[in-house]
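Enquirer: Going down the list, the protein sequences come from chains A and B.
Just so we're aligned, residue 1 is where the first sequence starts under the working numbering, counting upward by one.
Just so we're aligned, residue 1 is where the second sequence starts under the working numbering, counting upward by one.
No lab work stands behind these hints, which were simulated from the structure alone.
The model shown is predicted, which means the values in this text are computed figures rather than measured ones.
Beta carbons are placed, not taken as given, at the ideal position from N, Cα and C, and that holds for glycine.
Under the rule of at most 25 Å between Cα atoms (straight-line distance), these lysine to aspartate or glutamate pairs were calculated in the DMTMM-like manner:
{"no.": "1", "chain 1": "A", "residue 1": "Lys171", "chain 2": "B", "residue 2": "Glu25"}
{"no.": "2", "chain 1": "A", "residue 1": "Lys171", "chain 2": "B", "residue 2": "Asp109"}
{"no.": "3", "chain 1": "B", "residue 1": "Lys59", "chain 2": "B", "residue 2": "Glu81"}
{"no.": "4", "chain 1": "B", "residue 1": "Lys254", "chain 2": "B", "residue 2": "Asp238"}
Label-pair ranges, simulated between beta-carbon atoms:
{"no.": "5", "chain 1": "A", "residue 1": "Tyr220", "chain 2": "B", "residue 2": "Val276", "range": "53 to 59 Å"}
{"no.": "6", "chain 1": "B", "residue 1": "Ala240", "chain 2": "A", "residue 2": "Val194", "range": "47 to 53 Å"}
{"no.": "7", "chain 1": "A", "residue 1": "Leu232", "chain 2": "B", "residue 2": "Leu151", "range": "43 to 49 Å"}
{"no.": "8", "chain 1": "B", "residue 1": "Ala271", "chain 2": "A", "residue 2": "Leu197", "range": "42 to 48 Å"}
{"no.": "9", "chain 1": "B", "residue 1": "Ala240", "chain 2": "A", "residue 2": "Lys188", "range": "53 to 59 Å"}
{"no.": "10", "chain 1": "B", "residue 1": "Ala240", "chain 2": "A", "residue 2": "Tyr220", "range": "45 to 51 Å"}
{"no.": "11", "chain 1": "B", "residue 1": "Ala240", "chain 2": "A", "residue 2": "Leu211", "range": "37 to 43 Å"}
{"no.": "12", "chain 1": "A", "residue 1": "Arg206", "chain 2": "B", "residue 2": "Leu255", "range": "37 to 43 Å"}
Letter by letter, the chains look like this.
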Amino acid sequence: MMGGFIDLYTEADTFLHRMDPRVKIVAVLFLSLLAFILTNLTLLLALLVLIFVLLFLARATITRTVFALKFVLRFMVLIVVLWPIFDPTGTPVLASLGPLKITEPAIWRGVTSAVRVGCLATVWYILMFTTSQRDLVRALVKIGVRFDFGLTLAISLRFLPTFGALIDSIKDAQRARGLELSKGGLLKRSRNYVAVLVPTIVSALRTADTLSLALQSRAYGARADRTYLRDLNMRSSDYATLAVLVALLVLPILAKFVMNVAI
Amino acid sequence: MIPSAHGIPQEEKIISTRNLKFTYEGGVQALHGLNLDIRHGDYVAIVGGNGSGKTTLAKTLNGLLKPTSGTVVVNGRPTSEQKVAALAKVVGYAFQNPDHQLFCSSVEDEVRFGPQNLGYSEQEVRQKVERAIEAMNLDKLRSVAPLSLRLGERRRVSIASVIAMDPQVLILDEPTTGLDSGESLELMDRLKRLNGEGKTIILITHDMKVVAEHARRVIVMANGRMILDSDCRGVFSDLAILGESSLEPPPVTKLAHRLAKHGISPDVVSAEELVVQLMKSGGGG
Numbered sequence: 001m002m003g004g005f006i007d008l009y010t011e012a013d014t015f016l017h018r019m020d021p022r023v024k025i026v027a028v029l030f031l032s033l034l035a036f037i038l039t040n041l042t043l044l045l046a047l048l049v050l051i052f053v054l055l056f057l058a059r060a061t062i063t064r065t066v067f068a069l070k071f072v073l074r075f076m077v078l079i080v081v082l083w084p085i086f087d088p089t090g091t092p093v094l095a096s097l098g099p100l101k102i103t104e105p106a107i108w109r110g111v112t113s114a115v116r117v118g119c120l121a122t123v124w125y126i127l128m129f130t131t132s133q134r135d136l137v138r139a140l141v142k143i144g145v146r147f148d149f150g151l152t153l154a155i156s157l158r159f160l161p162t163f164g165a166l167i168d169s170i171k172d173a174q175r176a177r178g179l180e181l182s183k184g185g186l187l188k189r190s191r192n193y194v195a196v197l198v199p200t201i202v203s204a205l206r207t208a209d210t211l212s213l214a215l216q217s218r219a220y221g222a223r224a225d226r227t228y229l230r231d232l233n234m235r236s237s238d239y240a241t242l243a244v245l246v247a248l249l250v251l252p253i254l255a256k257f258v259m260n261v262a263i
Numbered sequence: 001m002i003p004s005a006h007g008i009p010q011e012e013k014i015i016s017t018r019n020l021k022f023t024y025e026g027g028v029q030a031l032h033g034l035n036l037d038i039r040h041g042d043y044v045a046i047v048g049g050n051g052s053g054k055t056t057l058a059k060t061l062n063g064l065l066k067p068t069s070g071t072v073v074v075n076g077r078p079t080s081e082q083k084v085a086a087l088a089k090v091v092g093y094a095f096q097n098p099d100h101q102l103f104c105s106s107v108e109d110e111v112r113f114g115p116q117n118l119g120y121s122e123q124e125v126r127q128k129v130e131r132a133i134e135a136m137n138l139d140k141l142r143s144v145a146p147l148s149l150r151l152g153e154r155r156r157v158s159i160a161s162v163i164a165m166d167p168q169v170l171i172l173d174e175p176t177t178g179l180d181s182g183e184s185l186e187l188m189d190r191l192k193r194l195n196g197e198g199k200t201i202i203l204i205t206h207d208m209k210v211v212a213e214h215a216r217r218v219i220v221m222a223n224g225r226m227i228l229d230s231d232c233r234g235v236f237s238d239l240a241i242l243g244e245s246s247l248e249p250p251p252v253t254k255l256a257h258r259l260a261k262h263g264i265s266p267d268v269v270s271a272e273e274l275v276v277q278l279m280k281s282g283g284g285g
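With the hints as constraints, model all of the structure from the sequences given.
Expert: Following this line, the structure appears as structure tokens:
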């Protein structure tokens, strides 16, 4: 189960899949910035809708979108619930209990922040659903990230499902020795996990050791100027997207900070 | 000499599966309706190519995997009604990679972990640990950190940590992989002794030499099915079956097959037997 979901990329042929990954990274960064700049709930909701339209256009299946939302939704609910409790400013006061004051503007601020967090969390799925790990790393290196760092990232992503399987196997091995992971109180349960954690770390270190030897034996780092099998090329549609994105970010910035329009 | 599986009286069986099917979450069906009985004191080898379903079968026998359909009955009760921790008292499972089990700072602590989980009293734990340490010849290593040991020793520690729970059945997944011949011989010798003391042993392996020298019963798996359940001789003389499951008979059996036209019986499974055969045919002509 873990293996299937850690690599979020799904193969398809949509305009988002074809887009240069560098442009997608910029797009995601810009949309995130936009979520920070906007304070108007309607505009933030519009941004959230835009993100889901893009996810839909990326052919993200319902299960994947639900999966993407599941984690975020919990946070959003938590924010909506907790915000008014810790923010007693503004009027009208809707309810009060001792020092606790629930005000209407605080509720709206809570909802706005929740939607903002929703935008920030889901916008990354546009990139992750449509970009293979290889392209992602390639894009980062092309932007200027050192190749070693790119490779490290690629290897980490590549090994996530492997470690998922490893942890499953170690859990099984310890259950076969009578370990009941979910038994006991919080302290006992966290102690139970030592039996899983130690073999996992040891195996991970052993794997890392072997891997570094394997890389070296394939002449990793022999030349500073390495060549690449697959190169990235910006197409005219990528430049057009970039232009739209810049406009999308610059206009609200102008409106907010130069023209002092509340957005 | 092994009676057919279904002829075994109920009380002699420790494990029995009926129409056991197992399908992984992703939809891969790994077991296609297995009927298998294992008796107290058996020494069974489960052999087959990679992906034939050996390990999946073994994991259903101690409840780590519950059947998708059909039943696995251990000691008279279906595994679907028993917790893995409870089944661990009856069916011990030593994983292929010992490093998946080892985490304590001394061999002795490692061996203690299982019986302590099962809630034995301190005195019982001590007894069981001593027996397990003795059985796997770990006395000199008892205060050493398991992870600093050689693979052969780590494997013995992981097996000892399972034996310490005193299970009636011991499942070993590829116990000789990665061991040199000396380590392998010693380990197999120790398992033989445990079997002599009444432990039921189930060996999952590729090593046909080990199978030929130790197992009394061999189950050949291919594509999630049992294609043969017989004694060693039966398995190794059936080259067609072996080919189907991408297995090779041990070298001595292969040699006997090639010498068949010189009057050597092809069902030889050990060097000693071949010597006897050669003496006979040499003496005769």
